[in-house]
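Number of protein chains: 2
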Amino acid sequence: MPSPILISLDAMGGDHGPSVVVGGVRDYRARHGGEGVRFLLHGDEAAIRAEMAKCGLGEDVCEVRHTDKVVAMDEKPAQAMRRGKGSSVWNAIEAVKTGEAAAVVSAGNTGALMAISKLLLRMSAPGLERPAIVASWPTFKGITAVLDVGANVESDAAQLVEFAIMGEAFMAAVHGVDKPTVGLLNVGSEDMKGHEEVREAARLLREGGFNLDYRGFVEGDDIAKGTVDVVVTDGFTGNIALKTAEGVAKFIGTLMKEALTSSLMAKAGAALAYPALKAMSAKIDPNAINGGPLLGLNGIVVKSHGGATAAGFGSAIRIAVDLGRSDYMTKVGTSLQRLTAVLEHPPASPAADMETSQ
Amino acid sequence: MPSPILISLDAMGGDHGPSVVVGGVRDYRARHGGEGVRFLLHGDEAAIRAEMAKCGLGEDVCEVRHTDKVVAMDEKPAQAMRRGKGSSVWNAIEAVKTGEAAAVVSAGNTGALMAISKLLLRMSAPGLERPAIVASWPTFKGITAVLDVGANVESDAAQLVEFAIMGEAFMAAVHGVDKPTVGLLNVGSEDMKGHEEVREAARLLREGGFNLDYRGFVEGDDIAKGTVDVVVTDGFTGNIALKTAEGVAKFIGTLMKEALTSSLMAKAGAALAYPALKAMSAKIDPNAINGGPLLGLNGIVVKSHGGATAAGFGSAIRIAVDLGRSDYMTKVGTSLQRLTAVLEHPPASPAADMETSQ
Chain A
1 MPSPILISLD AMGGDHGPSV VVGGVRDYRA RHGGEGVRFL LHGDEAAIRA
51 EMAKCGLGED VCEVRHTDKV VAMDEKPAQA MRRGKGSSVW NAIEAVKTGE
101 AAAVVSAGNT GALMAISKLL LRMSAPGLER PAIVASWPTF KGITAVLDVG
151 ANVESDAAQL VEFAIMGEAF MAAVHGVDKP TVGLLNVGSE DMKGHEEVRE
201 AARLLREGGF NLDYRGFVEG DDIAKGTVDV VVTDGFTGNI ALKTAEGVAK
251 FIGTLMKEAL TSSLMAKAGA ALAYPALKAM SAKIDPNAIN GGPLLGLNGI
301 VVKSHGGATA AGFGSAIRIA VDLGRSDYMT KVGTSLQRLT AVLEHPPASP
351 AADMETSQ
Chain B
1 MPSPILISLD AMGGDHGPSV VVGGVRDYRA RHGGEGVRFL LHGDEAAIRA
51 EMAKCGLGED VCEVRHTDKV VAMDEKPAQA MRRGKGSSVW NAIEAVKTGE
101 AAAVVSAGNT GALMAISKLL LRMSAPGLER PAIVASWPTF KGITAVLDVG
151 ANVESDAAQL VEFAIMGEAF MAAVHGVDKP TVGLLNVGSE DMKGHEEVRE
201 AARLLREGGF NLDYRGFVEG DDIAKGTVDV VVTDGFTGNI ALKTAEGVAK
251 FIGTLMKEAL TSSLMAKAGA ALAYPALKAM SAKIDPNAIN GGPLLGLNGI
301 VVKSHGGATA AGFGSAIRIA VDLGRSDYMT KVGTSLQRLT AVLEHPPASP
351 AADMETSQ
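These protein sequence lines are chains A and B, in that order. Here the first sequence is numbered in UniProt numbering, starting from 1 and rising by one per residue. Here the second sequence is numbered in UniProt numbering, starting from 1 and rising by one per residue.
Check before you lean on any hint, since a few could be wrong.
The list treats identical chains as interchangeable, and a pair is accepted whether it falls inside one copy or across any two copies.
[What the hints assert, rightly or not] Straight-line C-alpha distance at most 27 angstroms; calculated DSS-like pairs for lysine-lysine:
no., residue 1, residue 2
1, Lys85, Lys257
2, Lys331, Lys179
3, Lys225, Lys250
4, Lys331, Lys141
5, Lys85, Lys267
6, Lys283, Lys257
7, Lys225, Lys278
8, Lys69, Lys278
9, Lys257, Lys225
10, Lys250, Lys54
Since the hints were derived computationally from the structure, they do not count as laboratory data. The model shown is predicted, which means the values in this text are computed figures rather than measured ones.
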């Protein structure tokens with residue numbers, strides 16, 4: 001029997017609040033059984049209890065902690081930090097800080113979640129300004145983790161190595177990959193390509209003794225190919241790559257819908273092909289891969305998309321449970337200590353690595 | 001009647017050599033008339049003449065300049081510069097240098113084309129290490145130009161402004177947009193987002209008096225939305241965004257093909273919807289948007305994809321002709337002078353712009 005675990009939920013976050021959060025608990029249990037998993041729900045008690053009744057969930061699964069206070073979706077992070085104390089997201093994170101809960105999930109304001117998590121839990125990866133966000137990206141081979149897709153706009157070599165360490169441990173813990181392969185996102189695969197940070201990170205990954213299966217540089221199209229299990233990049237490039245990809249997927253999806261409704265014949269064809277097309281779109285359904293952990297904190301924090309459905313929120317819960325039950329935190333802790341040691345006594349830099357980019 | 005123009009072609013470049021290059025001339029003339037447009041083809045005379053005969057093209061349209069020498073697709077740029085003299089790509093570029101031809105098109109080795117173009121033509125934009133490559137990106141609203149998708153790995157604020165100037169002139173000359181709108185690619189739309197280079201570039205574009213319709217920061221998903229006509233970014237991010245998008249498009253296309261051949265019923269549906277699906281895929285056909293100009297040189301150089309079809313090479317020729325006949329070079333020249341003046345006497349930097357990124 002799996003070990004008991006308590007997951008803290010911000011029941012008021014996201015576009016739909018308690019209906020999606022409590023619905024997410026039901027959906028998670030329906031799909032994954034959820035043996036030994038209990039939940040701590042923070043927010044409006046009456047609203048949460050009404051949803052629990054609808055979903056047939058009792059006190060044995062969901063404990064409710066009332067608060068009236070909510071951080072709005074458009075509140076600035078600095079404001080949320082000043083005024084957010086006692087809000088549903090604040091209390092949900094605090095339950096992880098005190099050790100009561102093993103992980104927290106919120107579909108609320110990303111900036112506020114980051115800022116309050118950092119304030120309450122503190123960074124465990126010393127070089128990071130902000131938590132790194134990892135995206136689970138559907139590929140020809142399954143799922144590839146891409147990070148940072150968040151807000152570490154300028155990432156130096158040490159930060160890129162931290163992303164590699166955390167991303168690898170994430171893939172092992174959540175996607176069950178035995179020895180995940182790691183690549184650094186670059187504009188070419190030759191050693192001398194790219195800027196200094198990415199070349200220095202490559203050297204540290206090759207020579208630092210992190211016990212990672214580092215495979216070298218990968219390019220943008222390697223993400224969807226699934227060339228490696230973990231694609232590491234700075235938060236600027238990663239954020240732009242992710243949003244560009246979402247834009248392209250939406251564009252093609254819209255063109256396809258338009259095409260398949262453009263004539264009677266096309267509509268008839270679409271009806272016949274419907275089961276096949278539905279099975280296909282399940283493979284790239286954003287709700288199936290919803291849930292981006294904020295890595296680099298002393299505690300597990302998972303961000304759900306604000307517009308996620310109950311099924312989507314259930315996916316985010318799954319990630320929180322799998323991370324919480326795994327040895328992710330210990331494993332990352334050990335590797336980050338190793339990184340600190342390497343940075344204090346760096347391996348000698350061979351001349352070949354100092355060549356200018358081409 | 002349009003003014004007469006001579007276009008220089010590297011007939012040996014690309015995966016298919018003269019068949020696609022000469023076929024491209026035929027295709028260009030079939031689609032665009034090509035009145036007043038003549039071609040100078042560099043490469044193996046016998047092979048070129050054989051293709052000309054097949055395509056029904058005579059001396060009045062195509063002049064052949066024989067050379068045996070070819071730069072291989074996998075030759076390193078430095079090697080191509082040392083040993084490339086007299087090759088088809090070298091001679092094709094030289095015809096632009098001497099003023100004989102108005103523009104050159106090659107489907108050959110990108111690195112070699114860049115290096116030899118830079119050597120023979122020299123950069124006109126003083127801050128650039130290498131020519132910037134612009135991609136014509138299909139969007140909900142038509143075409144958006146994205147640059148640099150090439151090799152200027154670290155682009156400072158002045159370079160980003162150069163990309164904006166050149167991209168805007170390109171959209172006006174080639175895609176017939178009257179007053180193209182310009183955006184800077186970033187991780188958010190607020191003023192304080194992103195790294196220093198992109199924030200400083202925003203300030204220069206707002207205050208530098210370049211007569212550009214600058215619309216501020218855009219995000220990755222704004223590319224496919226067509227939010228602006230020109231998206232400006234450094235060569236690292238741009239290259240990764242483009243290749244990531246290509247990977248995603250290919251992934252979705254493959255899933256769709258698999259779905260539509262997965263069962264008899266799906267196949268029947270696909271057959272009925274075939275005309276609609278074909279019309280749709282024409283909208284994102286890479287050959288229809290083939291041709292990436294190398295901007296920032298004293299001369300017009302257009303890179304065709306190495307694997308392009310004759311129709312694709314014809315699209316690249318179209319871009320070369322439109323750029324060659326437009327006031328692109330003069331317009332960019334004037335704006336780059338303005339940039340030099342602004343950099344020598346920069347507008348005062350308001351405190352708001354100096355805030356750290358968020």
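Item to check | Numbers of unmet hints, in rising order | outcome: 1, 5, 8 and 10
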